[in-house]
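Visitor: At position 67 of the sequence shown the residue is numbered 67 (the numbering used here), and the sequence of numbers has no breaks.
Calculated from the structure, these hints are not laboratory results. From a predicted model like this one, the values you see are computed outputs, not experimental measurements. Backbone N, C-alpha and C define an ideal beta-carbon position, used for all residues, glycine too. It is possible that part of the hints are untrue.
What follows is a list of derived Cβ distance ranges for each label pair [what the hints assert, rightly or not]:
hint, residue 1, residue 2, range
1, V52, V12, 45 to 55 Å
2, A87, L134, 31 to 41 Å
3, L141, A60, 45 to 55 Å
4, L86, A44, 40 to 50 Å
5, Q88, A133, 33 to 43 Å
6, A133, R89, 51 to 61 Å
7, P21, R81, 46 to 56 Å
8, V15, P95, 51 to 61 Å
9, V20, A142, 42 to 52 Å
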Amino acid sequence: MQGPYGLLTFEVDEVVKGSVPAKVQLAWYNSTFGLLESMAAESARLVAAVQVDPAMPGPALRVLQSPCAPPFLLDDTPQNRAHMHLAQRGAPVPPHDYFVNQRIEMEQAPSRPQTVRFDPAEPAAATREGAAALGGLAALLAGIGLIGWRLACRRS
């Protein structure tokens, strides 16, 4: 991954998995282009980092962040810590929208989480999934039929 990145420096209190020095620098390739305004320098955080190719420029560790998703920089709360330990052991983690709830708290929005949930019972036709593929398939079949008809006309 190339391009600009943020450099975060953490003093490490505890390492859950792997080994890092007491003070570590992490590269943050911020795919969401949003800054964590509420992250005070003295606040404790749960951070997931991955080791990058040593040939890459910059720090050897990078903050875990999927494209178009928030970074894995969670508040160090008992609930988040318990969920992290469950996930590390491969146990199921109760559903919890960490990032939406955290954003709501930062923006001092209503206490009700404003989130969108996917309903697997909803039929695909209602969401128009596959409409473009179906249209493309119909156009392809019509094109093949037209070519076949023209070839048949030439032979007769």
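Visitor: State for each hint whether it applies.
Guide: Hint check:
no.: 1; hint: V52 / V12: 45 to 55 Å; result: 18 Å, violated
no.: 2; hint: A87 / L134: 31 to 41 Å; result: 38 Å, holds
no.: 3; hint: L141 / A60: 45 to 55 Å; result: 53 Å, holds
no.: 4; hint: L86 / A44: 40 to 50 Å; result: 19 Å, violated
no.: 5; hint: Q88 / A133: 33 to 43 Å; result: 39 Å, holds
no.: 6; hint: A133 / R89: 51 to 61 Å; result: 40 Å, violated
no.: 7; hint: P21 / R81: 46 to 56 Å; result: 22 Å, violated
no.: 8; hint: V15 / P95: 51 to 61 Å; result: 27 Å, violated
no.: 9; hint: V20 / A142: 42 to 52 Å; result: 60 Å, violated
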